[in-house]
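Asks: Single-letter residue listing:
Number of protein chains: 2
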Amino acid sequence: MVRLVTFDVFMALVDIKGSLVPKVSGVLGLNKLKAGKFVQTWRQKQMECAAISNSLGHGRIPFRRCTELALDYTLAHFKVPVTPSQHCKLVMSWDTLTPWPEACQVVAEIRRRGYKTAILSNGDSDMLNALAKPFGDNMQHILSAEMAGAYKPHPEVYNLPEQKLRILKADVLHVAGSGTDVIGAGSFGIDCYWANRDCNKLLDPTFVPKNEGPDLRGVLELL
Amino acid sequence: MVRLVTFDVFMALVDIKGSLVPKVSGVLGLNKLKAGKFVQTWRQKQMECAAISNSLGHGRIPFRRCTELALDYTLAHFKVPVTPSQHCKLVMSWDTLTPWPEACQVVAEIRRRGYKTAILSNGDSDMLNALAKPFGDNMQHILSAEMAGAYKPHPEVYNLPEQKLRILKADVLHVAGSGTDVIGAGSFGIDCYWANRDCNKLLDPTFVPKNEGPDLRGVLELL
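Going line by line, the protein sequences match chains A and B. For what it's worth, my numbering labels the leading residue of the first sequence as 1, then goes sequentially. For what it's worth, my numbering labels the leading residue of the second sequence as 1001, then goes sequentially.
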């Protein structure tokens, strides 16, 4: 029986593209189309850095560092010059990403129904603390991949509810934002709802989630 | 002192795009532009599957299986129907990828100079045996990530020269085809030449390679 609902952040709860495209456009003076491509590469390389970190076996490269390395790559790739102040502004903009329109209401309703809530994300703890602010007291716990020393889809990250909150995986519903997150949760044995906004396919159909929908509202039907 | 030169395959030795675009175009009846995008997604998802495999901790998903899962994803993504026979033809086309124009000559020259040679690749052993054929006796050893139970950039893969051939990493020069491979070899402590055909940037500049160039010829200058 579900006691705790955990949420992926960067895909499930907040709108990376909608938040960062205007920011990148404003700070770097790029038009919207180019800023969109910039953000796409930045995000892709940030995730690549996290995946590399999992494989290298020298501990977890902080997510802030992955964000910086990926920004440097993207700036070089698009041949865009940047001042230290602009660089800092861009890296820190990951702390003020805007929640999807329905996100705060859905989390509030889950709390109202008596379930526990937690963020379960690849972000560093300080980044997640910042991103949790719009949810106020309705987001009760923050479980950062930093605490596990690895990135999703590594099982140690999905083990955090049991390790930190003493809640067994059978009592957890995870709200995933990406196919990789769905595979990680499924492989670890946690039930999953996929907020699949881009109508994406699952790379490994072995781990089909319990349910999926185009936004977060579908979570409420499972509780 | 270098005794053994190891080669990445899928980026460094063979031309994935040049080999697969005509194949995909012919088998699926796509125009060249669409076939190019198809191959790009197929390759990207194949690598994503390998990275996920490294993180999940349930052993290495075979590379052939990653190739199949990525093909299924790509077919669904592009909404292209396929018969079982076409599907099989496409998966098996990874065994007949064409070497880059200078590849066979460079490997032959390295052997002529008295160095040992080996493939060191993420492919399964049977795939690598097939891809090694054009190199004849000049490619002496095949070190598959299958033997390490993990994918690059995991250190166990870069440990194969010592484990299987008893050649210390200080005596190895690795020819990498991708930035991730450069980072993996550098992190493990193997000297590296980057055949950087797309003039790509390194995501983590901590691991700048000993040398790089636009094709394989630059390896000869290091020996």
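There's no promise every hint is true.
[Unchecked claim] Under the rule of at most 35 Å between Cα atoms (straight-line distance), these lysine-lysine pairs were calculated in the DSBU-like manner: (1) A/K17 to B/K1089; (2) A/K201 to B/K1037; (3) A/K34 to B/K1210; (4) B/K1116 to A/K32; (5) B/K1037 to A/K23; (6) B/K1210 to A/K79; (7) A/K32 to B/K1017; (8) A/K23 to B/K1116; (9) B/K1017 to A/K201.
[Claimed, not checked] Some chain B residues judged to face chain A by a derived CB distance under 7 Å, without partners named: (10) Q1044; (11) N1054; (12) L1056; (13) G1059; (14) L1069; (15) F1078; (16) P1081; (17) G1149; (18) P1155; (19) R1197; (20) D1198; (21) K1201.
Think of the hints as simulated: they come from the structure by calculation, not from any bench. Glycine included, each C-beta is placed from N, C-alpha and C at the ideal position.
Asks: Confirm or reject each hint.
Replies: Do the hints match the structure? See the list:
{"no.": "1", "hint": "A/K17 to B/K1089", "in the structure": "violated, 38 Å"}
{"no.": "2", "hint": "A/K201 to B/K1037", "in the structure": "holds, 17 Å"}
{"no.": "3", "hint": "A/K34 to B/K1210", "in the structure": "holds, 34 Å"}
{"no.": "4", "hint": "B/K1116 to A/K32", "in the structure": "violated, 52 Å"}
{"no.": "5", "hint": "B/K1037 to A/K23", "in the structure": "holds, 29 Å"}
{"no.": "6", "hint": "B/K1210 to A/K79", "in the structure": "holds, 24 Å"}
{"no.": "7", "hint": "A/K32 to B/K1017", "in the structure": "holds, 30 Å"}
{"no.": "8", "hint": "A/K23 to B/K1116", "in the structure": "violated, 52 Å"}
{"no.": "9", "hint": "B/K1017 to A/K201", "in the structure": "holds, 23 Å"}
{"no.": "10", "hint": "Q1044", "in the structure": "violated, 9 Å"}
{"no.": "11", "hint": "N1054", "in the structure": "holds, 5 Å"}
{"no.": "12", "hint": "L1056", "in the structure": "holds, 5 Å"}
{"no.": "13", "hint": "G1059", "in the structure": "violated, 12 Å"}
{"no.": "14", "hint": "L1069", "in the structure": "holds, 6 Å"}
{"no.": "15", "hint": "F1078", "in the structure": "violated, 11 Å"}
{"no.": "16", "hint": "P1081", "in the structure": "violated, 15 Å"}
{"no.": "17", "hint": "G1149", "in the structure": "violated, 13 Å"}
{"no.": "18", "hint": "P1155", "in the structure": "holds, 6 Å"}
{"no.": "19", "hint": "R1197", "in the structure": "violated, 16 Å"}
{"no.": "20", "hint": "D1198", "in the structure": "violated, 11 Å"}
{"no.": "21", "hint": "K1201", "in the structure": "holds, 5 Å"}
Consistency with the previously given hints fails for numbers 1, 4, 8, 10, 13, 15, 16, 17, 19 and 20, ordered from lowest to highest.
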